[in-house]
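Here's the letter readout for the chains.
Number of protein chains: 2
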Amino acid sequence: MVVWDEEGFQGRRHEFTAECPSVLELGFETVRSLKVLSGAWVGFEHAGFQGQQYVLERGDYPGWDAWGGNTAYPAERLTSFRPVACANHRDSRLTIFEQENFLGRKGELNDDYPSLQAMGWDGTEVGSFHVQSGAWVCSQFPGYRGFQYILESDHHSGDYKHFREWGSHAHTFQVQSVRRIQQ
Amino acid sequence: MVVWDEEGFQGRRHEFTAECPSVLELGFETVRSLKVLSGAWVGFEHAGFQGQQYVLERGDYPGWDAWGGNTAYPAERLTSFRPVACANHRDSRLTIFEQENFLGRKGELNDDYPSLQAMGWDGTEVGSFHVQSGAWVCSQFPGYRGFQYILESDHHSGDYKHFREWGSHAHTFQVQSVRRIQQ
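Protein sequences, first through last, are from chains A and B.
Be aware that the first sequence starts at 85, since it is given in this note's numbering, and climbs by one per residue.
Be aware that the second sequence starts at 85, since it is given in this note's numbering, and climbs by one per residue.
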């Protein structure tokens with residue numbers, strides 16, 4: 085992926101092929117536009133992979149609204165980046181649980197679900213996740229809107245037993261849409 | 085679907101089972117929260133199905149950030165609503181064209197594509213669409229972010245030959261993600 089410190093692919097430019105824990109160390113004050121040329125990445129609000137998370141799939145992101153536009157309180161800057169490990173898009177499998185610690189009713193997912201309720205999930209919350217394979221992004225509201233959280237089988241052993249484990253900025257079990265991350 | 089004139093499902097309440105060209109006629113000043121109980125709907129910023137469009141699938145929308153949170157300049161109010169005609173989710177088919185009037189290179193879609201570039205589409209624009217079956221939502225940026233436009237086979241004859249035809253607020257051919265609407 086390539087990042088610029090001004091909007092519209094202007095200003096200083098830097099290309100990554102591996103994780104970057106802080107663009108500040110590259111002399112960037114912030115990242116204001118980016119292009120993903122291959123693979124899928126996660127961009128984080130703060131250094132060290134902290135704060136709001138944004139899945140970044142292949143394409144052009146000319147300004148903050150292109151990544152942060154899915155949430156009402158977007159991070160206007162991105163400070164750290166890492167590639168998403170998603171070896172297995174076609175065979176992605178995820179189990180969702182009603183309660184934390186993998187308890188309560190469960191649902192098995194292997195496709196994209198813009199509305200969990202439409203697939204028969206009761207309510208607007210998910211208590212915990214186990215990723216058998218692939219990489220997924222879950223979102224607070226239907227249609228992949230609101231805060232989003234990246235879940236990977238090759239990260240965290242695929243186990244996310246409480247919302248504290250699916251993102252440092254998460255403060256709710258509210259999850260209404262889930263989809264696979266496209267490589 | 086059910087709408088309320090205050091956030092968090094509070095205040096005046098009204099239930100629709102068919103299209104509503106203006107909530108003003110119901111004595112609502114605006115809609116500040118809603119629940120979709122079945123089917124899929126489109127909510128519009130202005131009366132008469134004008135302005136920004138938001139696809140509303142089954143689930144809870146406690147405030148404007150739940151629908152408008154996918155764009156950087158969201159409509160904080162919704163004024164008209166209609167059901168989406170999408171008889172055929174599993175067998176949805178869409179053709180995208182490089183240029184307006186169904187010209188140039190084309191691509192055939194029958195799945196959800198968070199990144200058109202990742203599926204091999206060259207560039208960040210789509211010139212025109214033909215919907216063979218189903219209902220689709222296309223978005224300005226990857227990951228279903230930015231302005232969104234609803235495309236239906238049972239509306240407009242499935243033909244959208246210029247961006248003026250896919251939404252009164254569209255002013256660009258920029259489309260980087262496309263997915264089926266879930267019934």
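None of these hints come from the bench; they were simulated from the model.
Do not rely on the hints blindly, as some may be mistaken.
No distinction is drawn between identical chains; accordingly, a pair holds when it is met within one copy or between any pair of copies.
Stated by the list, open to error - With a straight-line Cα cutoff of 25 Å, these simulated SDA-like cross-link-like pairs (lysine to any residue) come out:
hint	residue 1	residue 2
1	K119	H255
2	K190	W88
3	K190	E160
4	K190	G95
5	K190	E99
6	K190	K245
7	K190	R96
8	K190	E90
9	K119	E209
10	K245	G92
11	K190	L110
12	K190	F100
13	K245	E113
14	K190	L121
15	K190	E113
16	K119	H98
17	K245	E192
18	K245	A102
19	K190	R174
20	K245	G95
Please read all numbers here as calculations on a predicted model, not as lab measurements.
Going through the hints against the structure:
no. : hint           : result
1   : K119 with H255 : between (30 Å within a copy, 22 Å between copies)
2   : K190 with W88  : neither (43 Å within a copy, 31 Å between copies)
3   : K190 with E160 : neither (36 Å within a copy, 35 Å between copies)
4   : K190 with G95  : neither (48 Å within a copy, 34 Å between copies)
5   : K190 with E99  : neither (41 Å within a copy, 31 Å between copies)
6   : K190 with K245 : within (13 Å within a copy, 44 Å between copies)
7   : K190 with R96  : neither (48 Å within a copy, 35 Å between copies)
8   : K190 with E90  : neither (45 Å within a copy, 33 Å between copies)
9   : K119 with E209 : between (33 Å within a copy, 15 Å between copies)
10  : K245 with G92  : neither (39 Å within a copy, 28 Å between copies)
11  : K190 with L110 : neither (44 Å within a copy, 41 Å between copies)
12  : K190 with F100 : neither (38 Å within a copy, 32 Å between copies)
13  : K245 with E113 : neither (35 Å within a copy, 42 Å between copies)
14  : K190 with L121 : between (36 Å within a copy, 21 Å between copies)
15  : K190 with E113 : neither (44 Å within a copy, 41 Å between copies)
16  : K119 with H98  : within (11 Å within a copy, 44 Å between copies)
17  : K245 with E192 : within (16 Å within a copy, 39 Å between copies)
18  : K245 with A102 : neither (28 Å within a copy, 41 Å between copies)
19  : K190 with R174 : both (22 Å within a copy, 24 Å between copies)
20  : K245 with G95  : neither (42 Å within a copy, 36 Å between copies)
Of the numbered hints given earlier, the model fails hints 2, 3, 4, 5, 7, 8, 10, 11, 12, 13, 15, 18, 20; all others are met.
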